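Now for the letters of each chain:
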Amino acid sequence: MLKRVHFGPSLLPFLLVAPQIAVTLVFFMWPAGQALYQSFLIEDAFGFSSEFVWFENFAYLFNDKYYLASFYRTAIFSLSVAGMAMGIALVMAAMVDRIAKGVMAYQTLLIWPYAVAPVVAGALWVFMFDPTLGIFAYALNTVGYDWNHKLNGDEAMLLVVLAATWKQIAYNFLFFVAAIQSIPKSLIEAAAIDGAGPMRRFWTIIFPLITPTTFFLLVVNIVYAFFDTFGIIHAITQGGPAKATEILVYKVYNDGFIGLDLGGSAAQSVILMGIVIVITVIQFRFIERKVEY
Amino acid sequence: MIENRPLVTALAYLVLSLGVAVVAFPIWITFVASTHEAARMTQVPLPLWPGDQFFTNLKTVLFNGVGGSNATPVWLMMANSLIMAMMIAVGKITISLMSAFAIVYFRFPFRMGFFWMIFITLMLPVEVRILPTFEVVANLGMLNSYWGMSVPLIASATATFMFRQVFLTIPDEMLEAARVDGAGPLRFFWDILIPLSRTNIAALFVILFIYGWNQYLWPLLITTDSGYFTVVMGIKQMLDSAEQAPDWHLIMMTALLAMLPPIIVVLSMQKMFVKGLTETEK
Chain A
1 MLKRVHFGPS LLPFLLVAPQ IAVTLVFFMW PAGQALYQSF LIEDAFGFSS EFVWFENFAY
61 LFNDKYYLAS FYRTAIFSLS VAGMAMGIAL VMAAMVDRIA KGVMAYQTLL IWPYAVAPVV
121 AGALWVFMFD PTLGIFAYAL NTVGYDWNHK LNGDEAMLLV VLAATWKQIA YNFLFFVAAI
181 QSIPKSLIEA AAIDGAGPMR RFWTIIFPLI TPTTFFLLVV NIVYAFFDTF GIIHAITQGG
241 PAKATEILVY KVYNDGFIGL DLGGSAAQSV ILMGIVIVIT VIQFRFIERK VEY
Chain B
1001 MIENRPLVTA LAYLVLSLGV AVVAFPIWIT FVASTHEAAR MTQVPLPLWP GDQFFTNLKT
1061 VLFNGVGGSN ATPVWLMMAN SLIMAMMIAV GKITISLMSA FAIVYFRFPF RMGFFWMIFI
1121 TLMLPVEVRI LPTFEVVANL GMLNSYWGMS VPLIASATAT FMFRQVFLTI PDEMLEAARV
1181 DGAGPLRFFW DILIPLSRTN IAALFVILFI YGWNQYLWPL LITTDSGYFT VVMGIKQMLD
1241 SAEQAPDWHL IMMTALLAML PPIIVVLSMQ KMFVKGLTET EK
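Protein chains in written order, with my numbering: chain A, 1 to 293; chain B, 1001 to 1282.
Don't take each hint at face value.
In the DSBU-like style, the derived pairs of lysine-lysine whose C-alpha atoms are separated by at most 30 Å in a straight line are [to be verified]:
1) A:Lys-3 - A:Lys-101
2) B:Lys-1236 - B:Lys-1059
3) A:Lys-65 - A:Lys-185
4) A:Lys-101 - B:Lys-1275
5) B:Lys-1236 - A:Lys-243
6) A:Lys-65 - A:Lys-3
7) A:Lys-150 - A:Lys-3
8) A:Lys-101 - B:Lys-1271
9) B:Lys-1236 - A:Lys-150
10) A:Lys-185 - B:Lys-1271
11) B:Lys-1275 - A:Lys-185
12) B:Lys-1236 - A:Lys-3
Since the hints were made in silico from the structure, they are not lab data.
If you're wondering where the values come from, they're calculated on a predicted model, not measured in any experiment.
With the hints as constraints, model all of the structure from the sequences given.
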């Protein structure tokens, strides 16, 4: 990765990397180290004294039924979001590939939710499903269903999944379109000459050939659902009702900033960092490798 | 087109139009809500067609804010968002260009060490280290400042990787030629590398501007002075402060304003945006 032709040693390269390294050290390494250190401490509520307790915080977490429930909830949440957002995007991308006219127009109309901030997306959906005023709540009411995500945990979960999915479709769509368009037309034509219909061609040629993209998107979507949906949940449910939508990232915030349980929050941060590291490693191990046919 | 199947094609158009309608519906509802007066927004069913209060609401929101007389006017929040987004985007691009240049074009001690250190930032999203990072910023006295809102977010492994990738594709002859002509490292960087990576810089800018504009948790934590509130945070506060009877027409107007700049950037630079997205992330 070093150029064959390059500059010799001098002070300059150090000066060039200095800003990036300084920011990394001060705002990434140091806090991450602190989180690690604090995760071994139990601090009293006023922050006057703290005690080194080794893995007690972790042991406590893994015996805490709320924490385990939050794990489970996060899994449900991220798999639903990834599944729905990718499924819808794939259908759209396959359809865009079919049409001859207006590809750009449809693309333009589909991609902009990507630009909407998560918390703004949350505000939009909470408005549409507001139990007393919301347009969808009203529609559901007229057909006899009493929607209230402020009381019903499952409805709250459904609402945050919908909002998170809505925001992520655009991203998946762009990647699927790029992947489908990069498949050589000759393959598709050959299959068509052999008499394979559109559905058959999709499942036996297009879908297997875009596996690397699908896998990449799966990882990205799970990371998105894990970390980037904080704003959506904060705006719509604030983790409620009765913790029904409290995913891991939300719990770190809630226990740390609201509950002021520093050790517990730090231990959760450390576990989350572990998860990110695992995901990143998986991503790099598999993304680089091409799928064999 | 491979074969002529009008029915399948018609189905494709139908599904796409349906998809677009579903995706666009929330935005339409937002727009409609922002054009009605307060009284209309308390009667069910809510309107599906725009009213005539758009400019009145726009004026109220921009200059008075939402939620009483001491509310922050939205124009100020928009300005704060713009400053934060620009600082984050420009900051990330600048420091990533510099470090990618150093890593690709110089042999120096700890080169790979620095590279891995930058790489690790990928694994530490703000969300997982909020408390300790908050403490660092508080100790540095950076709470309630634009620096505090942007600098902790500007380290970027993805941008560094992308520029590294771009620099690696630039032929070695460029540097040799520049050297023959007597250009030093900085001159080479400024007059050759940066112009050559112009399109990548633009593509990355689109992505990073959106990233910066949409930051929520971080500014929420480190700003307590309403003079620094960003519009994205403002929406949440409006939802909270009016728990009893939210001024939906004004909140939706603010939501519309909050999503406008990133949407304009995406749509006006669509090609760049798609390029930036599909190339930086892979």
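Structure-based check of all given hints:
no.	hint	in the structure
1	A:Lys-3 - A:Lys-101	45 Å, violated
2	B:Lys-1236 - B:Lys-1059	20 Å, holds
3	A:Lys-65 - A:Lys-185	53 Å, violated
4	A:Lys-101 - B:Lys-1275	22 Å, holds
5	B:Lys-1236 - A:Lys-243	19 Å, holds
6	A:Lys-65 - A:Lys-3	54 Å, violated
7	A:Lys-150 - A:Lys-3	58 Å, violated
8	A:Lys-101 - B:Lys-1271	18 Å, holds
9	B:Lys-1236 - A:Lys-150	17 Å, holds
10	A:Lys-185 - B:Lys-1271	23 Å, holds
11	B:Lys-1275 - A:Lys-185	22 Å, holds
12	B:Lys-1236 - A:Lys-3	49 Å, violated
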